[in-house]
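Visitor: Quick mapping for you: the protein sequence lines, in order, are chains A and B. Position 297 of the first sequence, counted from 1, bears residue number 297 in the working numbering, the numbering being contiguous throughout. Numbering-wise, the working numbering comes out as the position in the second sequence, counting from 1, plus 1000.
Bear in mind the hints are in silico, worked out from the structure with no lab data behind them. Among the hints, erroneous ones may be present.
[What the hints assert, rightly or not] Straight-line Cα separation of at most 25 Å, SDA-like style, residue types lysine to any residue; simulated pairs:
id, chain 1, residue 1, chain 2, residue 2
1, A, Lys254, B, Ala1008
2, A, Lys254, B, Asp1020
3, A, Lys254, A, Lys198
4, A, Lys52, B, Asp1020
5, A, Lys209, B, Ala1008
6, A, Lys296, B, Gly1041
7, A, Lys198, B, Gly1062
8, A, Lys40, A, Asn172
9, A, Lys198, B, Leu1072
10, A, Lys209, B, Asp1020
11, A, Lys254, B, Cys1044
12, A, Lys52, B, Gly1041
13, A, Lys52, B, Ala1038
14, A, Lys298, B, Asn1031
15, A, Lys298, B, Glu1063
16, A, Lys271, B, Ala1002
17, A, Lys148, A, Ala106
18, A, Lys298, B, Gln1087
19, A, Lys40, B, Val1029
20, A, Lys254, B, Gln1076
21, A, Lys298, B, Val1029
22, A, Lys52, B, Ala1008
23, A, Lys52, B, Thr1005
[As the list claims (entries may be wrong)] So, partial list: chain A residues that the calculated Cβ filter (under 10 Å) puts toward chain B:
id, residue
24, Glu47
25, Pro50
26, Ile62
27, Gly67
28, Lys77
29, Pro78
30, Lys108
31, Pro130
32, Gly161
33, Gly163
34, His184
35, Met253
36, Ala259
37, Asn260
[Claimed, not checked] Far from chain A, some chain B residues (derived; all Cβ distances over 10 Å):
id, residue
38, Gly1011
39, Tyr1014
40, Ile1016
As the structure is a prediction and not an experimental result, all values here were calculated from the model. Heads up, the beta-carbon is just placed ideally off N, CA and C, and yes, glycines get one too.
One-letter residues, chain by chain:
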Amino acid sequence: MSETIEADVVIVGAGPVGLFAVFELGLLDVRCHLIDILDKPGGQCAELYPEKPIYDIPAFPIITGDGLTENLMAQIKPFDPTFHLGEQVNGIERLEDGSFRVTTDADKVFLTKVVVIAAGGGSFQPKRPPVPSIEDFEGKSVFYSVRKMEAFRDHDILIVGGGDSALDWTLNLQPIARSVTLMHRRDAFRAAPDSVNKMRALVEAGEMKLMFGQVTGLEGADGQITHAVIADNDDNEHKLPTTRLLPFFGLTMKLGPIANWGLNLHENLIKVDTEKFQTSEPGIFSIGDINWYPGKLKLILSGFHEAALMAQAASRIVFPDKKILFQYTTSSTSLQKKLGVA
Amino acid sequence: MAKITYIAFDGTPYEIEARDGSTVMENAVRNAVPGIEAECGGACACATCHVYVDEAWVAITGEPEAMEEDMLDFAQDVQPNSRLSCQIRVKPELDGLIVRIPERQG
């Protein structure tokens, strides 16, 4: 059953620029829904460099990716946006009255007057290890995430990786699996030390196996693996009976379905004007790293500027009959009321 | 300054004069050497600037630090001479450095 949500503005992407768009639209009384494929707001700042310092945010000589995300979340709190996390937008289509129907892979349908694409470098997708013909097994016996643990019960599971995802799923699936093998390229793990200790205890007790090396091939038919071919670090080849493979090699950015939305593109970026940051489709705007115009710089601060100008144009679509007054937050009591400070 | 030779996966060499203090990744990106993606822009946060350091140069470029080693877990087909090129800083001793670019990044 799909769920239908009526909205004024749907923002695709909850990175810093998508978040700041909520603020600028909020000052103009527009409420927002944000959709992001990650399970948390912040986009690249949260996923790629949460602890790394950024030096070019105006008035912040130094701030981390997490710090910037937290501050933006605090700044937009008065505008109470609705987040739809862990979801990918699949399609955008225009309805007869000029508004849009936006659908996600979680079977949600948004009916919205405006769409703002703030998708940064595209959507984060799991990295596929370089194993020949792995595509043939994906979704049947090779998975990049665990949606239902039951699908792994009584299987011979091979988990590859050394981070928290790999270790967490090793520990969670071990009790219900027929066998679990964890494989990593070296005997050092990024995952939380507590998980690593628990895993090592299971190995000691003979409850699971730990191997060092990489997967070089898969055997099986019709999407179902029977064996994984493994090269250990001394280049010896092993065949490991495997019926479920879970590789955890982190995420990479892919443009994804955006290419199919009928927008004019410039080298995989969305072309916009520099007055409204509107795309070739009126009512669909694009801001931040995903857009392109002559002179474009992929900077967070440029995305913030784009959000402010976009908001003016977008609010005219949401409230066609309302006169928009330009006001400053320092002096306008009406803006200060919206921010909850007056 | 140091001359760096990048050998693309198809075998094409790219010779670049690199300034001291810059990174091997930056010089590749600035000169459009194919196969170095550097998604995160040099923050050691993505493993898409993976290179193989020519054996003769491994001792001079040195070992990856712990953070880089962790990130290399996300790279494809990691070898003992694998490095992330954003973490190799150019210095005069690296004049003549040769790095090879893997078939794919992530």
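Visitor: For a quick check of understanding: which of the numbered hints are violated here, in increasing order?
Guide: Structure breaks hints 2, 3, 5, 7, 10, 15, 16, 19, 22, 23, 26, 27, 28, 29, 30, 36, 37.
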